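Novice: Chain by chain, the residues:
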Amino acid sequence: MLRYSLNNINISHNDLLRKLGYIKQTTDLTNNILKSINDVRCLAKKLIVPQCSLACERLLLNKNASITTDNGYNIKSYDVSKLLKDCFKIYGIVVTIGIHLENKVHYFINRSDLFHAVVLDAAGSVAVENVITSLNDQIKQYESNHNNLITKRYSPGYGDWLLNKNQSLLDWLGASKIGIHINNSFQMKPEKSISAILGVAKSKEDISNKGLN
Amino acid sequence: MNKQTFLSIMQNRVLLMDGATGTELQRKNYLDGVIVPEELNIKFPERIKDIYATYIQAGSDIILANTFGINPIKLKKYQLLDKADMMVKSGINLIRELSSDVIVAGDISSLGEYIDPLGSLSFDEAYEAFSFQASLLSKYAVDIIVIETITEIKELKAAILATKDNFNGPIIAQMTFLQDGITVTGTNLQSFITMAESLEVDVLGLNCSIGSTELSDLIKFVCSNTNLPISFKPNAGMPMLINNKTLFPESKDEFVESSLKAYSYGVNIFGGCCGTTPAFIQALSTQLKNKKPIFRKNSNKYFLSTRTVAFDVNCTQKPIIIGERINPTNRQRLQRELYKGSLSFAIDEARAQVKSGAKLLDINMGISNVDEVILLKNAVNHIQEIVSVPLCIDSSNTNAIEETVKNCAGKPIINSVNGNIDKLKIILPIVKRYGTMLVALTTNEHGIPETAERRLEIATQIINYVDKYNIKRSNIIFDYLVLAISSSPTQSIETLKAMELSKKIFPECSLILGISNISFGMPSRQVINSTFLKMTVEAGLDFAIIDPHADWKIDNKIARDLLLNKDKEAMRNYMKVFSSKNYQQVPLVKSTNKKHLTYDKQLYNAILDGNENNNINEIVKQIITATPFHKNPFNQVSSCILKALNIVGQRFASKQFFLPQIIMSAKVAQTAFSIVKKILKNENIKPIGSIIIATVKGDIHDIGKNIVGAVLESYGFDVVDMGINVDSYAIISKAKKIKPIAIGLSALMTTTMPEMKKVIHLRNINKIPVKVIIGGAAVTKQYANDIGADAYAKDAMEAAISIKTFIK
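So the sequence lines, in the order shown, correspond to chains B and A.
Its first residue numbered 1, the first sequence is counted upward by one per residue in our numbering.
Its first residue numbered 1, the second sequence is counted upward by one per residue in our numbering.
For reference, chain B alone in the conformation it holds in the complex:
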């Protein structure tokens, strides 16, 4: 069984600058701004609590452009079916960095401190992306050890897999156990949460999908 770990989630300075729109060759960066951004980055590191929920089941590809898992989780989507067409297994993942960073962003907004709000929000985005990338890498490594390959990540809202299907994905994953909920507009709370699926194909010979790696 996969044993994952979400320790050592970093928010690198360069990632944060990039997220804020910094381009190395063109953007002028004063020491003043650099220091302030770094202070917020340090604050962000104290405010993230990475958590995830994961499901992994065997997969049945249906004829009507839909997939079903062992326990009956179903996705009706042409694009998802296409992504998973060579796969025998599906992972569902949802990650979050918790509510503390978000609370602090709103605290800054309420004090009209937009600089800190924006940079902290960006740091949260970097952090949650790093959490899902880390989990993705661990799954990839695990499956690779079993001579399997995984597809790229795919999330509700991509292609014809509509965002309103996120609730059923989260239900499948038991996301509420780590405090992730969804509102009427299908936005996740905490906001810095990402949900996705990954397909697993048996061996290199079985692959015809370029999304596999």
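Calculated pairs, DSS-like style, for lysine-lysine (alpha carbon to alpha carbon, straight line, at most 30 Å):
| no. | chain 1 | residue 1 | chain 2 | residue 2 |
| --- | --- | --- | --- | --- |
| 1 | B | Lys24 | A | Lys781 |
| 2 | A | Lys83 | B | Lys177 |
| 3 | A | Lys655 | B | Lys19 |
| 4 | B | Lys35 | A | Lys601 |
| 5 | B | Lys35 | A | Lys643 |
| 6 | B | Lys35 | A | Lys794 |
| 7 | A | Lys43 | B | Lys177 |
| 8 | A | Lys355 | B | Lys45 |
| 9 | B | Lys19 | A | Lys804 |
| 10 | A | Lys245 | B | Lys45 |
| 11 | B | Lys165 | A | Lys757 |
| 12 | A | Lys406 | B | Lys45 |
| 13 | A | Lys794 | B | Lys24 |
| 14 | B | Lys177 | A | Lys28 |
| 15 | A | Lys757 | B | Lys189 |
| 16 | B | Lys189 | A | Lys28 |
| 17 | A | Lys49 | B | Lys177 |
Which residues of chain A face chain B? A few of them, derived with a C-beta cut under 7 Å, are:
| no. | residue |
| --- | --- |
| 18 | Leu118 |
| 19 | Gly119 |
| 20 | Ser120 |
| 21 | Gln179 |
| 22 | Thr185 |
| 23 | Gly186 |
| 24 | Leu241 |
| 25 | Pro249 |
| 26 | Ile386 |
| 27 | Lys655 |
| 28 | Gln656 |
| 29 | Leu659 |
| 30 | Ile663 |
| 31 | Asn706 |
FYI, nobody ran anything at the bench for these hints, they're computed from the structure.
From a predicted model like this one, the values you see are computed outputs, not experimental measurements.
Built from N, CA and C at the ideal position, the CB exists for glycine as well.
Please build the complex by placing chain A on the supplied structure of chain B, with the hints as guidance.
Specialist: The following block gives chain A in isolation, referenced to the frame of chain B:
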């Protein structure tokens, strides 16, 4: 149970706590029908009683009552606050019904929200919440209280203080750590130990965290760094939520093996956290029940701490440098900044001093006509999150000291008290309560005594009071004070003598000195300062309050002769050699030549640099004053602002600037506009017009909209921000009322974008002559065209430029 009884039990045998409650409740499906687990105490008491009973059967000596989350902050969210008393009462009594032998522990844990500056709770709010819980636990007579699963050091501090204030029995304080021995909020093990020891808990320990295997490595460190009894209550590994089931990777055998390791290090109390079961505790009981604890060597370390680190005063190279520069006395720029409410210069000073080798920072905010209580607290709150060195809270205002020390995320030094008895009676209780160190000046209401012996008499008097208040002498740092050599040539000898005597008479106490007074009125002051520092270290100095940027390598024989008042020629010799030399340091901050720039140019530069530190108020005033009578002063200022903003916009478009710079520039421009409007009131100001901005219904994202708002305000528009998740009818109704130039709509997601169309439709059928501009992550120009929006903006600068075209 009184503390002594509990401690004597622990001297004879190790104690076993219970295992997990929460995950056991989940495993047995006992959480059905309740909103929070604590509700079981009154709604389904047989369920929680069953959990208690299984742990008692398994061999637990201590059972934690199901009171983990009974704090008002959590309960209010679920409208259960009125049930708190009943839940606590039942949670405790159910254990008593099962056994009269077990130790009943009240359980206190995290509030779910962080304290300022990490969160928005004030320290006092957190303290009140914990007091509420502790007082109920005390009311229903728990034997001990366990504070557990805390990840934030200020929260731990609030919880311990509140528990101590409401409960007389033993207190166990436990924090939760990651693999590298750091909590999620950055506190390391030593910093935790320092805080728990300073606040005088009875037992400290680690719980939950990373599984017993990894946690046993961390507990080894704890065992060799504290003399207090230690508890160890790990979870069964980091939980993994896989296929809707929470899995804990550790086995019972691994848990027992790690606990036995912890036993060998000298741990006194054992138990399990999330994922452990009665079987784990039973297996542990088989191995450890009634065993005598392993003797631990005394730790002779003495720490000061911050949120993130702690350092051993005894093992740090002497003198320990305390940076003195965050003190507005005679520092015009710092004063100016503080009067403006800006801490950025103080923060820069903090960084720079640490870079120059300061191991602590003295923070003094004593300026007239400012509320020092608020200013000092804010300064410490900010600085302690920027630099990782302990702080020296420097004030003569006891309210400011107490409020600041309370909010300190570590163990600070209070600077200072003297031999004045009334003052001692106010300050010593603060030292005792918050476990700080204290600088004690050997002076009193009669001034500084001339002789070393008289200064030691005051020190003795202070120590008597310190003992009376049951404060550890090691928390006291004596300052034997130094007078200027220019006016009191023999005084340096008295200071050195007093220091040497003090080390013999009060060996537990440290020594501190502000060095630079010695050279007051003398040329080449740094030669004297540095040489004197060397002499004081030889006399036993532990802490030196100095400017860390200065050159402290100088040790000059002529200066030594002068300081030792060697002969009548000493002063003459010094003056002969040094009166023409100057060892002044290079100023930290380069002076700018802004005085040579016109005020228009200064404002232009401030906006371009996003530099709020310039005195915008003064600059704007000067522009208004200098405006020729036939010109409109508002136009003069605004044209300068807009000129700068145009350049900011161009640089943003060419990626030379990025988002944070836009925000900073916009803020300076906003400030300038608000100042000019305030000064001119309504005279000569032709309003540009108002803009409504809103995030559409169903959408809760507000940052992008707020950036647009800030940039529009920086262009002088009156922005009416209707917030997030705003109903389309409300937007139209507002537009009818205030007749804005435009409505700016933001949506982040495809699912909420149709609301934009609705707003435009409502505008059209209501025939409101207002433009609608839209933007947001998922919005495109094409979509704007499709729904009939008047403009699309991909960012805030584009929004401002578009809206400017609406008014032409």
